[in-house]
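> Which chain is which? The protein sequence lines are A and B, in order.
Per numbering that gives the first Met the number 0, numbering of the first sequence is gapless, rising by one per residue and ending at 194.
Per numbering that gives the first Met the number 0, numbering of the second sequence is gapless, rising by one per residue and ending at 267.
It is worth saying that the hints were derived from the structure and are not from the lab.
Where hints are given, some of them may not hold.
Now the in silico label distances, taken between C-beta atoms and shown as ranges [said to hold, decoys possible]:
| no. | chain 1 | residue 1 | chain 2 | residue 2 | range |
| --- | --- | --- | --- | --- | --- |
| 1 | B | Glu27 | A | Pro145 | 48 to 56 Å |
| 2 | B | Ala31 | A | Leu65 | 15 to 23 Å |
| 3 | B | Arg73 | A | Ala166 | 30 to 38 Å |
| 4 | B | Ala31 | A | Glu188 | 14 to 22 Å |
| 5 | B | Ala31 | A | Thr174 | 24 to 32 Å |
| 6 | B | Met63 | A | Leu168 | 54 to 62 Å |
| 7 | B | Ala28 | A | Ala166 | 21 to 29 Å |
| 8 | B | Trp98 | A | Asp72 | 26 to 34 Å |
| 9 | B | Thr112 | A | Leu65 | 36 to 44 Å |
| 10 | A | Arg37 | B | Ala28 | 35 to 43 Å |
| 11 | A | Arg69 | B | Glu27 | 36 to 44 Å |
| 12 | B | Ser108 | A | Leu65 | 48 to 56 Å |
As a list, the in silico SDA-like pairs of lysine to any residue whose alpha-carbon atoms are at most 20 Å apart [unchecked claim]:
| no. | chain 1 | residue 1 | chain 2 | residue 2 |
| --- | --- | --- | --- | --- |
| 13 | A | Lys26 | B | Gly66 |
| 14 | A | Lys26 | B | Ala146 |
| 15 | A | Lys187 | B | Arg7 |
| 16 | A | Lys130 | B | Ser263 |
| 17 | A | Lys26 | B | Thr82 |
| 18 | B | Lys65 | A | Arg69 |
| 19 | B | Lys1 | A | Leu172 |
| 20 | B | Lys208 | B | Gly165 |
| 21 | B | Lys65 | A | Lys148 |
| 22 | B | Lys1 | A | Lys148 |
| 23 | B | Lys225 | B | Ala179 |
| 24 | A | Lys100 | B | Ala239 |
| 25 | B | Lys65 | A | Lys187 |
| 26 | A | Lys187 | B | Val72 |
| 27 | A | Lys148 | B | Ala207 |
| 28 | B | Lys39 | A | Leu184 |
| 29 | A | Lys26 | B | Pro56 |
| 30 | B | Lys65 | A | Leu65 |
| 31 | B | Lys39 | A | Glu32 |
| 32 | A | Lys187 | B | Leu181 |
| 33 | B | Lys65 | A | Ser29 |
| 34 | B | Lys65 | A | Glu32 |
| 35 | B | Lys65 | A | Ser54 |
| 36 | A | Lys26 | B | Leu79 |
| 37 | A | Lys187 | B | Gln70 |
| 38 | B | Lys65 | A | Arg185 |
| 39 | B | Lys65 | A | Ala30 |
| 40 | B | Lys176 | B | Ala146 |
Every residue, glycine too, gets a C-beta built ideally from N, C-alpha and C.
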Amino acid sequence: MFLAAFTSTGHPEVSLDATLLSRLLQKDVSAFEQLYDRHSRLVYGLVLRILQQASTSEEVVQDVFLQLWRNADQYDSSRGPFVPWLCTMARNRALDQLRLKSERQRRREDQPDELPPLVVAPDYEKALDEKRRAERVRALMASLAPQQKKAIELAYFEGLSHSEIAAALKEPLGTVKSWIRNGLLRLKEGLRATT
Amino acid sequence: MKNCEQFRELVEAYALGALDPEERAALEAHLATGCADCSKAVEEARWLVSQLAYAAPEAVPSDMLKGRLMQSVRADAQALSETKPRVMPSRSVISSWLWAAVAALFVFSLYSTWNMRRLQDEIRQANDRAAALLQQRQKTEQQLAAAKREAMILMDPSSVKISLAGQNAQGPQLEVKWHAQLGVVVMGENIPMPSPHHVLQLWFIPKAKGAKPMPSMMAWPDANGKFILLISNPPESMDATKALAITEEPEGGSPWPTSTPRWSGGVS
Chain A
0 MFLAAFTSTG HPEVSLDATL LSRLLQKDVS AFEQLYDRHS RLVYGLVLRI
50 LQQASTSEEV VQDVFLQLWR NADQYDSSRG PFVPWLCTMA RNRALDQLRL
100 KSERQRRRED QPDELPPLVV APDYEKALDE KRRAERVRAL MASLAPQQKK
150 AIELAYFEGL SHSEIAAALK EPLGTVKSWI RNGLLRLKEG LRATT
Chain B
0 MKNCEQFREL VEAYALGALD PEERAALEAH LATGCADCSK AVEEARWLVS
50 QLAYAAPEAV PSDMLKGRLM QSVRADAQAL SETKPRVMPS RSVISSWLWA
100 AVAALFVFSL YSTWNMRRLQ DEIRQANDRA AALLQQRQKT EQQLAAAKRE
150 AMILMDPSSV KISLAGQNAQ GPQLEVKWHA QLGVVVMGEN IPMPSPHHVL
200 QLWFIPKAKG AKPMPSMMAW PDANGKFILL ISNPPESMDA TKALAITEEP
250 EGGSPWPTST PRWSGGVS
């Protein structure tokens with residue numbers, strides 16, 4: 000089961016998530032509330048960053064956590080660490096909402112319960128508490144060139160493709176591709192060095 | 000045609016969702032071939048991309064959001080708990096319920112038996128009433144048919160009238176109408192009742208010498224003294240009959256006369 004993925008790391012924060020998730024499988028309302036209290040600020044911050052509107056963001060966050068409550072028993076270990084998985088689901092939902100709002104791509108009716116794809120932590124990944132991890136990611140992003148950082152943010156927070164980013168930034172497509180890849184590899188190296 | 004190394008350059012952008020459709024399709028086609036190294040690279044790239052969530056500033060959702068969410072979750076949990084199978088009761092409770100069920104079954108069985116017998120009685124009584132009504136109807140129909148026959152005999156001009164005189168010349172007389180096909184009717188008014196346990200019986204006296212009187216029907220006068228007797232099957236030939244007579248016989252009638260005739264008359 001996917002709980003093994005959480006319990007395999009020795010960090011107390013991750014172990015607590017694993018314990019709460021095992022209780023969530025028993026439909027423990029208290030465990031759900033604790034998971035919400037632990038991760039709702041991260042999830043809401045991400046969704047709000049994407050949608051830029053509080054009321055719509057809260058709807059998406061509510062949808063994400065209800066999905067967690069109702070489908071907890073369908074998760075398996077292959078879905079990997081909990082928080083990245085939760086953030087991936089929240090991002091997908093928020094981008095769907097953003098696309099729906101901008102009418103660039105209507106969300107298909109048969110996709111509302113689609114679960115996020117596989118997320119596997121690399122070998123070098125070590126458990127960091129949420130605060131330290133957030134500080135490290137922000138620091139690494141801040142260290143990127145402004146245009147490089149902007150290109151990654153347009154892709155991650157607005158769901159734009161290489162071509163769309165190139166058009167938005169009025170930069171060559173190849174340049175945008177390099178910015179994004181190199182920026183992500185730098186983030187990867189930075190996280191590896193941190194751990 | 001790209002090789003694995005070239006595809007490996009796309010995995011971060013693929014995990015980010017930034018690949019344009021052609022490149023995305025090409026990478027997905029390659030992953031579909033089962034390339035384990037590229038698949039693992041994609042999975043790790045997804046984890047890397049997921050870390051970008053921390054780049055967004057944390058924000059505190061409203062208390063109302065948590066309130067709505069917890070309300071939905073509690074309602075869901077309540078619904079689930081109500082659909083779970085109930086805990087089995089203790090043995091003593093089972094026993095009590097079992098005895099109560101047995102007692103209820105016994106009472107129900109007694110009631111069912113009583114009710115069945117009651118229904119059977121009601122059905123029997125209904126059948127008896129129906130049989131009595133049927134019998135009454137048949138009797139009425141017979142009486143009606145007899146009355147019709149009597150009326151036809153009395154009204155038909157071909158009927159032969161025969162007077163039966165009593166032993167007492169001052170007493171009432173009986174009158175007979177004989178129809179060759181319909182039968183014989185005997186009737187009279189103010190006819191006294193016969194002795195107790197006796198009945199008035201009609202006799203046909205044949206003309207043949209030495210022939211014995213032929214016993215016929217029996218009847219009593221009604222409460223008003225009215226007497227009427229229908230004989231549907233008299234002797235075939237009126238000419239073979241010498242006379243008619245009525246005697247008083249024991250109940251049930253007699254094969255031959257046991258008393259002198261109280262009324263008699265010759266057939267002309």
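> If a hint holds in the structure, say so; if it does not, say that too.
Now the hints, each set against the structure:
1. B:Glu27 x A:Pro145: 48 to 56 Å: violated (32 Å)
2. B:Ala31 x A:Leu65: 15 to 23 Å: Since alanine 31 of chain B and leucine 65 of chain A have Cβ atoms about 33 Å apart, the given range 15 to 23 Å is violated.
3. B:Arg73 x A:Ala166: 30 to 38 Å: violated (48 Å)
4. B:Ala31 x A:Glu188: 14 to 22 Å: 30 Å Cβ-Cβ, so the 14 to 22 Å window is violated.
5. B:Ala31 x A:Thr174: 24 to 32 Å: holds (30 Å)
6. B:Met63 x A:Leu168: 54 to 62 Å: Taking Cβ atoms as reference, methionine 63 of chain B and leucine 168 of chain A lie about 38 Å apart, which means the hint is violated.
7. B:Ala28 x A:Ala166: 21 to 29 Å: Given a distance of about 26 Å, which is inside 21 to 29 Å, the answer is holds.
8. B:Trp98 x A:Asp72: 26 to 34 Å: violated (42 Å)
9. B:Thr112 x A:Leu65: 36 to 44 Å: Check failed, 60 Å falls outside 36 to 44 Å.
10. A:Arg37 x B:Ala28: 35 to 43 Å: Distance hint for arginine 37 of chain A, alanine 28 of chain B holds at roughly 40 Å.
11. A:Arg69 x B:Glu27: 36 to 44 Å: Violated - the Cβ-Cβ distance for arginine 69 of chain A and glutamate 27 of chain B, about 29 Å, lies outside 36 to 44 Å.
12. B:Ser108 x A:Leu65: 48 to 56 Å: holds (54 Å)
13. A:Lys26 x B:Gly66: Holds, at roughly 18 Å.
14. A:Lys26 x B:Ala146: violated (94 Å)
15. A:Lys187 x B:Arg7: Holds: lysine 187 of chain A and arginine 7 of chain B sit about 15 Å apart, inside 20 Å.
16. A:Lys130 x B:Ser263: Violated, because 142 Å separates the two Cα atoms, which is more than 20 Å.
17. A:Lys26 x B:Thr82: holds (13 Å)
18. B:Lys65 x A:Arg69: Answer holds: lysine 65 of chain B to arginine 69 of chain A is near 16 Å, not above 20 Å.
19. B:Lys1 x A:Leu172: holds (19 Å)
20. B:Lys208 x B:Gly165: violated (24 Å)
21. B:Lys65 x A:Lys148: violated (33 Å)
22. B:Lys1 x A:Lys148: Distance ~28 Å between lysine 1 of chain B and lysine 148 of chain A Cα, so the pair is violated.
23. B:Lys225 x B:Ala179: violated (25 Å)
24. A:Lys100 x B:Ala239: Status violated; Cα separation ~126 Å.
25. B:Lys65 x A:Lys187: violated (34 Å)
26. A:Lys187 x B:Val72: With a Cα-Cα distance of about 37 Å, the restraint between lysine 187 of chain A and valine 72 of chain B is violated, given a limit of 20 Å.
27. A:Lys148 x B:Ala207: violated (152 Å)
28. B:Lys39 x A:Leu184: With Cα atoms ~16 Å apart, lysine 39 of chain B and leucine 184 of chain A stay inside 20 Å; holds.
29. A:Lys26 x B:Pro56: Given pair lysine 26 of chain A, proline 56 of chain B is violated - Cα atoms ~31 Å apart, limit 20 Å.
30. B:Lys65 x A:Leu65: Measuring from Cα to Cα gives roughly 11 Å; hence the hint holds.
31. B:Lys39 x A:Glu32: With Cα atoms ~34 Å apart, lysine 39 of chain B and glutamate 32 of chain A exceed 20 Å; violated.
32. A:Lys187 x B:Leu181: violated (131 Å)
33. B:Lys65 x A:Ser29: holds (13 Å)
34. B:Lys65 x A:Glu32: Measuring from Cα to Cα gives roughly 9 Å; hence the hint holds.
35. B:Lys65 x A:Ser54: Roughly 13 Å separates the two Cα atoms, so the pair holds.
36. A:Lys26 x B:Leu79: holds (9 Å)
37. A:Lys187 x B:Gln70: Violated, at about 40 Å.
38. B:Lys65 x A:Arg185: With a Cα-Cα distance of about 37 Å, the restraint between lysine 65 of chain B and arginine 185 of chain A is violated, given a limit of 20 Å.
39. B:Lys65 x A:Ala30: Holds, at roughly 14 Å.
40. B:Lys176 x B:Ala146: holds (14 Å)
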